[in-house]
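Given the structure of chain A, go ahead and fit chains B and C onto it with the hints provided.
Listed below are the residues making up each chain.
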Amino acid sequence: MRYVTPGTRLCFASEYEAGPGTYEREEYIYSSVVGIVQEFIPTVSTNTGEEKKQSKIITVSKEKHQSSIPDVGNIITGKVIRMTTREAVVSIMVVGNIPCKDDYQGIIRSQDVRATEKDKVKIIESYRLGDIVKAEVISLGDARSYYLSTAKNEYGVIYAQSVAGAMMVPISWQNMQCTKTKAVELRKCAKPEDLFSKNQ
Amino acid sequence: MSTQTYEAETFRKLQPQEYLRKFLLKEVRPDGRELKQFRQTTVNLGCISTTNGSSLVRIGNTTVVCGIKAEVSVPKQTSTKEGYLVPNVELSPMCSPKFKPGPPSEHAQVLSENINRLLKSASILDLNTLCIHEGSAVWVLYADIVCVNYDGNVFDACVIGLITALSNVKLPKATFAEEEGLVKATEELLIPLNLSRLPYPATFSIFDGQYLLVDPTEVEESVAHEVITIICDEAGQICTVWKVGGISCTPKHLEKCISIARERYIEIAAIVENEEKSNNLI
Amino acid sequence: MADRRRIQGPEVSVAPIILKSPNKIQLLDENLCRRNGRNLEDIRSIYLKTGLISQANGSAFIELSKTKIVCGVYGPRQTKIPAFSGKGNLNCEIKFAPFSCPKRRPPYRDSQEKELSQLIYEALTPSIRLDLLPKSTIDIYITILENDGTASCLAAAITCASVAVADAGIEMLDLVPACSASYINGQIFMDSDLIEEKRESGSLVLSYMPSLKEITHILQSGEVELNLTSQAIEQCTDSCSKIYSIMIDSLLLPIQNMK
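Residue numbers (the UniProt record's numbering), protein chains in the order written: chain A, 1 to 200; chain B, 1 to 282; chain C, 1 to 259.
Just chain A, same shape as in the assembly:
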């Protein structure tokens, strides 16, 4: 295994294509992170069935992970920290599977809560303060926040406390029931799939 640091010259740019963790400058490819050098040949078969010849890609897999930052298409987990009639503000705590060291701010606008009947959505009937939600990043948003969406079935509230302070379980895509008082509260639930289950 070959360990490298930023700035290590890896190879000629004519031999390989620069993948993640590397960059090309003049006729060479250099590493841009601390990690292990890896190379692979992408196998992309075109729709005509012919194997298209691809050049080899060289990458450096990060040995030290950078604190994760959200990007469009990422799945995030976060906590609802503020609500208005038009949007819910979410503190993004986990991107993909990697927790962020510092929280980022995201917004779920009312039109992004669910896929159908967007005009009838009421934020208060979808989320409450303190709920843990799973959502998708749909744009880098404005200067302050990322825009998030829970329109897909698998996104929405994954953990919530009822008014009585007990945990709630989802009973349909828009209802959750308190485990203690059996009271039903409105939420936009994520399709149940236990986040912390070990049998995945």
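Don't read these hints as lab results, they were simulated from the structure. Treat each hint with caution, since some may be false.
[Stated by the list, open to error] The list that follows gives simulated cross-link-like pairs (lysine to any residue, SDA-like), each with its CA atoms no further than 20 Å apart:
| id | chain 1 | residue 1 | chain 2 | residue 2 |
| --- | --- | --- | --- | --- |
| 1 | B | K98 | A | K62 |
| 2 | C | K87 | A | D102 |
| 3 | B | K13 | B | S278 |
| 4 | B | K100 | C | P106 |
| 5 | B | K120 | C | R5 |
| 6 | A | K64 | C | L132 |
| 7 | C | K66 | B | T50 |
| 8 | A | K62 | C | S54 |
| 9 | A | K191 | A | Q177 |
| 10 | C | K198 | B | S49 |
| 11 | B | K120 | C | Q8 |
Using the frame of chain A, we list chains B and C on its own:
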């Protein structure tokens, strides 16, 4: 890293209290310690040569550096022989993501104020011994404590750092030249301070009103809001009991804390003595 | 004005006048050897370690005999600046511990710290791939625990910060070692300490990306002849290459030991 550890990390981030509770049910703590186990503590004396006395203290990952510099000033009108001892704690944004640049945060102010109160109420150093010339010149000892890594229980580290740095202080031989109104000092530093007692602290956190966590880390401190600090001296006398935040604690807990604090005193005293010995050999 | 947020001492205090022995310290002996046994072109031995601050994303500690500097890197994290930016934002802050210099420094930020922060920012910015980090900020905080020569301190701080950034896993073009030199009586003293620095007529601090052979920052002060400057630049780039290998070792050793 495997996905398993990622999941644990995710769980910790989203449900910190639940995460800690799961560990405590099995009588261990997230870093593998027992409930009443302190983290490894090291003391390094005289590490900064621009000071009159210095000490670097590490408790687990928590690291603080205390440096003491002596300057000369005029004593107060009311107490013409008394010198000054000025402790300040600095929690820079470097040591934790919680702190922002700028003037001392409330947290830092509380730490400084508590340490100042400890110095005064436990009369660790007789300020009259800092006199150079009565009514005209006294020593001012600036004790600045810089936190390098904030991983919980910083107060303990600060107090140990301050006390050991004070015992490391060497002052030059100084004379007051009356006609010029100046203090002249020798280049070599020789005179140690005369400390009347050497108190060391022990800090505890109470989680869920029942688990007594000794020497909490940053993760534990952020979810267990009840903190008890007990400072005792070489005779086992208690100098300070300090309890902040949260709900009440039972007398039984308090008694247990005090007995652990006394054991901890012996442990720290041994560490410091070892370091002093090896320091003198060099 | 009294600062209520700190414990206050007396209003005025001064360092005592030190009675020094009258003989002047000789910087060089007859064999052109310096006080601590090194030659004119030698730098002090360096101790460099990463990962000291567990709370930070990346950190490093550097020790050049007496000089001691710690650096913590936080980020990339959400930027506090209100305007949208497709590029990351770099923020550098350097702080002298109050006890780090022969004279006590007041605890609040002074103009020298602001100047040094700006210099470090300029030296590091070309090396970091900020275009990959939209809407984010990288904060670099540096504390000088002991200062033994300001120019060499600045150079060591740049070296240390660059390693800490790499330790944080942030993508960069190259590591940036930095080195300083002093001009004293028409001679070049590499990596001068505080006593040598007091006698200098000028100094040079150079930051260099050895792999790309590019200079990111150069700062010359004082009055020097042109050919002496070009000689100093050459010597500094040579020393930077030596420091570079120490930086690489400090980053790779912890990983190799883990496996």
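Here is how each hint holds up against the structure:
{"no.": "1", "hint": "K98(B) / K62(A)", "verdict": "violated, 26 Å"}
{"no.": "2", "hint": "K87(C) / D102(A)", "verdict": "holds, 19 Å"}
{"no.": "3", "hint": "K13(B) / S278(B)", "verdict": "violated, 43 Å"}
{"no.": "4", "hint": "K100(B) / P106(C)", "verdict": "holds, 19 Å"}
{"no.": "5", "hint": "K120(B) / R5(C)", "verdict": "holds, 18 Å"}
{"no.": "6", "hint": "K64(A) / L132(C)", "verdict": "holds, 17 Å"}
{"no.": "7", "hint": "K66(C) / T50(B)", "verdict": "holds, 9 Å"}
{"no.": "8", "hint": "K62(A) / S54(C)", "verdict": "holds, 19 Å"}
{"no.": "9", "hint": "K191(A) / Q177(A)", "verdict": "holds, 15 Å"}
{"no.": "10", "hint": "K198(C) / S49(B)", "verdict": "holds, 18 Å"}
{"no.": "11", "hint": "K120(B) / Q8(C)", "verdict": "holds, 14 Å"}
In this structure, the hints that do not hold are numbers 1 and 3, in rising order.
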